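Asks: Each chain, written out:
Protein chains: 2
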Amino acid sequence: MGRKLRNIRLDIEYEGTHYHGWQVQANAVSVSGTIEEALEQVLQHRARLLGSGRTDAGVHALGQVANFTTEREIPAENLQLALNRLLPRDIVIRRAADVPLEFHARRDAIERTYRYQFFVGSHPSALYRTLTLHIRRPLNVSAMRQAAGAFVGSHDFTSFRSRHCDAENPVRTVFSFDVLNDPPFVFLDVKANAFLRNQVRIMASTLLEVGLGRCPASDVPRILEAKNRDLAGPTLKPRGLLLVHVRYPGQDAIPMPRTPSSLA
Amino acid sequence: MGRKLRNIRLDIEYEGTHYHGWQVQANAVSVSGTIEEALEQVLQHRARLLGSGRTDAGVHALGQVANFTTEREIPAENLQLALNRLLPRDIVIRRAADVPLEFHARRDAIERTYRYQFFVGSHPSALYRTLTLHIRRPLNVSAMRQAAGAFVGSHDFTSFRSRHCDAENPVRTVFSFDVLNDPPFVFLDVKANAFLRNQVRIMASTLLEVGLGRCPASDVPRILEAKNRDLAGPTLKPRGLLLVHVRYPGQDAIPMPRTPSSLA
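Those sequence lines, one after another, are chains Y and X.
In terms of our numbering, the first sequence opens at residue 1 and continues consecutively.
In terms of our numbering, the second sequence opens at residue 265 and continues consecutively.
Partial list, derived from the structure: chain Y residues whose beta carbon lies under 8 angstroms from chain X:
no., residue
1, E13
2, Y14
3, E15
4, H60
5, N84
6, R89
7, D90
8, H123
9, A126
10, L127
11, R129
Label pairs and their calculated CB-CB ranges:
no., chain 1, residue 1, chain 2, residue 2, range
12, X, N445, Y, N78, 27 to 33 angstroms
13, Y, I74, X, K491, 51 to 57 angstroms
14, X, E341, Y, D178, 30 to 36 angstroms
15, Y, L212, X, V416, 41 to 47 angstroms
16, X, N433, Y, S142, 51 to 57 angstroms
17, Y, P88, X, N404, 28 to 34 angstroms
18, Y, R3, X, S440, 56 to 62 angstroms
What the hints contain is simulated information worked out from the structure, not anything from laboratory work.
Quantities reported herein were computed from a predicted structural model and do not represent experimental measurements.
Positions of the beta carbon are idealized from the N, C-alpha and C atoms, including for glycine.
Build out the structure end to end from the sequences listed, making use of the hints.
Replies: Spelled out as structure tokens, the structure:
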């Protein structure tokens, strides 16, 4: 049986609340481990799922991308159907497609988009409690917007990465960082070529300090320049954080997931 | 202790997934029963919570309104804080306020707004699975919009109410019925003075039949005129249905809950 090796790309949506993150870990339920188990049932062999990047425990995704190889001849659409039947309802395969053998979900990604969703008010939201982080006090959104501007461009983000981050090069390029005010919601939308470990969460907590008036917006460029993790805010809770989209060169296999313009 | 009787209005948000509806029932956990238990802990007496209307099992609310009476002197804001500390996270008191003794959450309501949220696609959504009803096939939204127009105005809604509905008068006035297309979402927004039992769910399922091409839009006025429950669609699943707002004469104590314009 001289079967051909195939490389299959999965576009994945998940609610991260009940998972210890994307990455397989010993003694913890991960998103990729859960999908790998379903894959094994369908393929009848273990497959290693390679994600575009790790998402932390509790972080959601609308458009995580991963790939794996197999020699099985099951059509991609049937694979998608079979996986969605096996997976728990908080993980959905939005698309499965054959891609060139050289496609690599992490190395080929040229842009990642993350969003933090804040719910601002004296009491948290019941309906959006897993989708938003509750912020008790009002935010100065224009100060946050000004501070966010300091992140845009290519910078050494040493001040904004976990001490446990093992990337050799701390330079990343932030393409845009928008702060949207849609009371009672505030959204932080950030696009970069890639992110260091905990970078989004540390940038967001620093902007939160600015929004709460505990840190002037003008401090942010200085914190960036200092390359000192002690100066930035703590790592913000993962609640309300979403990996929205991962982009690859050329035409997207799947367009950027639509965000509803008026989800109640 | 000649204490004064107070009438207190609560504005309530809840995710209905884990409740057997608003109304207290024997051997079932209801939203109002859960709040009444928390109220008893705070007030040290039983209080009967009177809602603007019943929501069915699984239906959510952004702005349910209810009232109860007490002679306790606890300030309304403290009552709100105490309730939110006691309540499970899927029920949140958005506001508590003293209102005139004659205020009656059901009788005084002049307008109710409901929304159905559909997620249209071959696979359901992971992130919005409790907030949306999954519709597998594409919808003809303009046909649905045309059909929805037939509901607007004062009509005998006998064809669109549960056989178990015990309202004496089957006439209700629908102020507006909008069908919004925001792919992959479709929203049905309906405002009326009041609704008969299951009316929103039966109107929505009939519009869904129209959207799926199983019933021409032009049939809907005829179904309405026939006053025959057999002719309308079945009662649609409650998933994705929300009581958005209840309006009272004069200035609203709490404005219509904002729906995010871009919740991911």
